[in-house]
Every structure is written in structure tokens, then in C-alpha cells.
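Could you put the whole structure together from the sequences, leaning on the hints where they help?
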Amino acid sequence: MSRSKDYSSASDDALVRDAQGGDMAAFEELVARHRDKVYARAYSMMRNEEEALDLSQEAWVKSWQRIGQFHGESSFATWLTRIVINLCLDAMRRQKRLHAESVEQMSQEGGLERHLPAVQVDMLEGLERQELRERIDAGLSQLSDAHRTVLILHEFEGLEYKECAKRMGCSIGTIMSRLFYARRRLAALLVGLHQERKA
Amino acid sequence: MNEQTAWRLQAWLDGELPSDEAAEVLRLVNADREAAALVRELKLTRAWLTGNELRRVVPESREFYWSKIERELRPAVATAADPAPHSAGGWGWWRWVIPATLAAALAVFLWMPASSPTRQNAGLAPAEVENSQEDLGNITFRSDSEQMTVYWVNNL
Amino acid sequence: MTNMNGRQGGGGWVRLVWFFGCVCAWVLGSADTQAMEIKLQAQLIWGTNDEKPARSECKEVSGRLREKLARVFKWKNYFLIKEETFTVKSGAERRVKMSDKCTLEFQVVDDFTLEVQLFGEGTLLKTVRQPIQALRQGELAVLAGDAKDKLGDAWFVVLTMPRK
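Line by line, the protein sequences give chains A, B and C.
Okay, so the first sequence: first residue is -9 according to our numbering, each after it adds one.
Okay, so the second sequence: first residue is 354 according to our numbering, each after it adds one.
Okay, so the third sequence: first residue is 18 according to our numbering, each after it adds one.
Honestly, I wouldn't trust all of these hints.
[Claimed, not checked] Only pairs whose alpha carbons sit at most 27 Å apart, straight line, appear in this in silico DSSO-like list of lysine-lysine:
1) C:LYS93 with C:LYS118
2) A:LYS52 with A:LYS27
3) B:LYS421 with C:LYS106
4) B:LYS421 with C:LYS85
5) A:LYS156 with A:LYS86
6) B:LYS421 with C:LYS56
7) C:LYS99 with C:LYS56
8) A:LYS52 with B:LYS421
9) B:LYS421 with A:LYS27
By construction, these hints were calculated from the structure, which means they are not laboratory data.
Following this line, the structure appears as C-alpha cells:
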């Protein structure tokens, strides 16, 4: 691809093909298009700007190294997001943030949520979308790493239980448990946050 | 309601339950008020989350962000990922030169006296920033419009 | 005998490769060193809301730099305390004293990265790595902090690559 080529109007598929042929300018255009998405996913998992920047950039480097293995089974953005998710999961494992809890802790998972009455009224109805998003993000920040991660993988990335279990390195039963208590805790947090703000 | 039943309700909502079990769960939801309440909460939570992830943008300019990636990519491009531009004759020549250059570089490195400044620099880590007592409360930010990166140091 | 001859032939080839490799390493090494000589300008600036700083030798920062600082920071006035223009070569550290308290140390890490270390009264306070390409494109790297000896004031070290 020559320098004069208009990269900005090229499709992702065309840019990927050029990048597979070693065209770094095409790859740079892909970075420019998808960098926010990749960074946002890393941030949502790590909750730290510096780590999110480092991991998102590492994901781009890895994607360049493996771009020959991308055959278009999913969109390029989805493929890339999977790379950054794996890097984040690896980083969390290294930091022991996903470390399996003791048997006692496992059995107490959701201890508080078990006794909470189920939320029945949509108390967040009528909120501006941006405000709702900010509250959800604040709620996610208060979850444990394992609970937040399973919610991100299932709710935002649309992964099935089996796929979540594979990526997080645990059983489907653990995923079901984590997802259940993550949802219950988030619901309680959102309602609690809402009531706090109203007060 | 025990945990397993609650998880089955959730799996039913998530479409992860086989159809024969799904019918059984549906009967439970219609008959059991606690189960129905839990389903209602799980549905609400799912509805809140759907399409409502907070959007975030990279807190660096396109050029600054790319420059860090490019720095990592350049050596890879020079060696592996760029076979096309070399003609067969040219590549043959380089295939001969590179091992020789590496051997020479190794020899020069080994012969260098220990106090040589070049050797000291060769020992530097390539990418990690070394910090001393810094970074407690320090802030880094960038103004895109002013093309300015600011490192605010709190302890001078 | 055959072995001896073979060894001699191989030795000659190795010596040729060795010689050629040394020449290449020298050529490439010196080319790299020459390429990595960058010219920089460092300005120590005082930010204050006072009309005139205590130091009479300071001159007011004007022009585009003043506009840029004023758009990002809150201070009314910016006074230039010291300005230094110097070159940094790869493979050599460059130390620049900006004031009795403030010293900078520069090093070209690789083709893309400049490392700057800020020392306050001899103590390392901050290490930053700045993409050289960004500086070439007009990026300003600003190290800054609150002034210790005058509440509300601030100091700035503005690093730029002067246009040729």
C-alpha cells in the first residue's frame, strides 16, 4: 500500500489485509480507530489508568505479531478485544487478584446478598443515559475483581458460561455462582447509590 | 430457595438451560413468589447493564499513543514481519551480513573494558521507568489542544 | 592432511566474515550515534499571580509559550528564570543545571525515547520518558510543581525541541 493511499476511508478488512502484508501505516489506522475500545476494556477490568494504557498497548503489539493468524472469523475489533481481555486476566492472575479464595470464603460468597430482598422496582428509570452509565461504572468499581470480571465477560462481551469459565480458569459452577452474586451485589449497590444521592 | 435453584433461574434467563429444564423453571417462576421476585431483579440488573457500559477514551493523543506502540513494533518489522520488500538477492546478502555483524558486536562487547560508558548503558532496561521516591501523589496529564504533556511533581 | 586444509580454508572464511562484520558494526554503530544527536531547549519558568517576582533578573514569558501555559494553568504571570539550549547524544548522559535546586539529566534511550530525570537538591524526584518523535512534532514536555518557598506559586521546566 503506498503512502498516498487514503487509509481513513478504507474498511477494517482492507486495512487488516494490508497490515498482514507488513503495512504499518494501515495498522496505525486500525490503532487510531479502535484504541478507545481496547483501552476502555482494559480500564474496565484493571480499574487503573496506567495499567490500562500499558495493557492496551501490549495488546496492539501482540495483535501485530499475530495478525497473520486472524482469518476474519469475528470482526477485527472483537478479535483484538479478546487479546486485551486475556492480557488483563493474565495480569490479574499475576497480581493474585483472581486468586481462588479459601474454602470458607467460597462458601461465604454472597453472604450478604443471600439475605437481601430482591429489587423489584426500576429505581433508575428516568435517569439520563450518561448518568446511568456513570452509576453502573461506580457500582462495578465496588465489586471484587472476580465479580466484576465475570460481569464484563458475560454482560458486555456476551460470552457464554463455558467461555467465561475457560478464560477465567474455573468451573462453570463457579461462573454461575460468581455471576449470580455479582448481579445481586450490583443491584443492591445501584439502588443504594441511588438512595444516597436522593438523600 | 437454595443456591442451585437460584442459579438455575439465572441460567434460564441467560438462555443457558436445556429446553426440558426451562419448562420446569418456568413453572417454578409462575408458582413461587420468591422465585418470581428474584427473576424480576435479575432481569432489571441485566436491563441496566445492556448497552450501558461507560465509554472511555485514551487519555493520550493519537500520536503519543501510537509512538509507544511503534517503538515496540519497529524491531519486529525489521526482522520478521516484513519479508516482501526484500528481493531475493538483497536478502541473501543480508543473511550473510547479520550473523557476522552480531558476532562482531559480541566480540566488541566482550573486549570492552568494564568501565566503558557504552557498556554501562548496555545494561539499562529497555522500557521500564525507574522511580525513586517519586510518584506519590504525582500527576501526569496531557493537553491535546496545546500539545503539552505535564508531569506535576508534588515533592520538590 | 585433508582436515588440516579444510580447517585452513574455513579459518580464512571466518576471518573474512569477522573483518566484514567489524566494519559493518563500526559503520552502523557510528551512523546510529550520529543520528541520535538531538537538540533541546529547557526553560525554567516561575508561575505566579504576583505582578513582579522577587528576582529582578527574570523576564516575562511572552508569545506562544505564554499563551499555551495560560490556557492550561491558572497563574496570571509566567517569568523566565533560566533558558538553556543543548544537545544530547545517544550513549552519553547530559546534565543541565537549571538552578541551585533544580538539575536535569538527559539520556537518549533508543531511537524513539528520551529519558529525563529531574533532581531537586540532589535527590531524584521524577523520571519521565518522552517520545522523541512527539518533541520533533512540537510537543512540549513540562515538569512542574508547587513552589516550596512561596505559597501559591509554581515552577515549570519546559522542554522543547527548537526548530532548526
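Do the hints match the structure? See the list:
no.	hint	in the structure
1	C:LYS93 with C:LYS118	24 Å, holds
2	A:LYS52 with A:LYS27	16 Å, holds
3	B:LYS421 with C:LYS106	21 Å, holds
4	B:LYS421 with C:LYS85	25 Å, holds
5	A:LYS156 with A:LYS86	18 Å, holds
6	B:LYS421 with C:LYS56	21 Å, holds
7	C:LYS99 with C:LYS56	17 Å, holds
8	A:LYS52 with B:LYS421	13 Å, holds
9	B:LYS421 with A:LYS27	18 Å, holds
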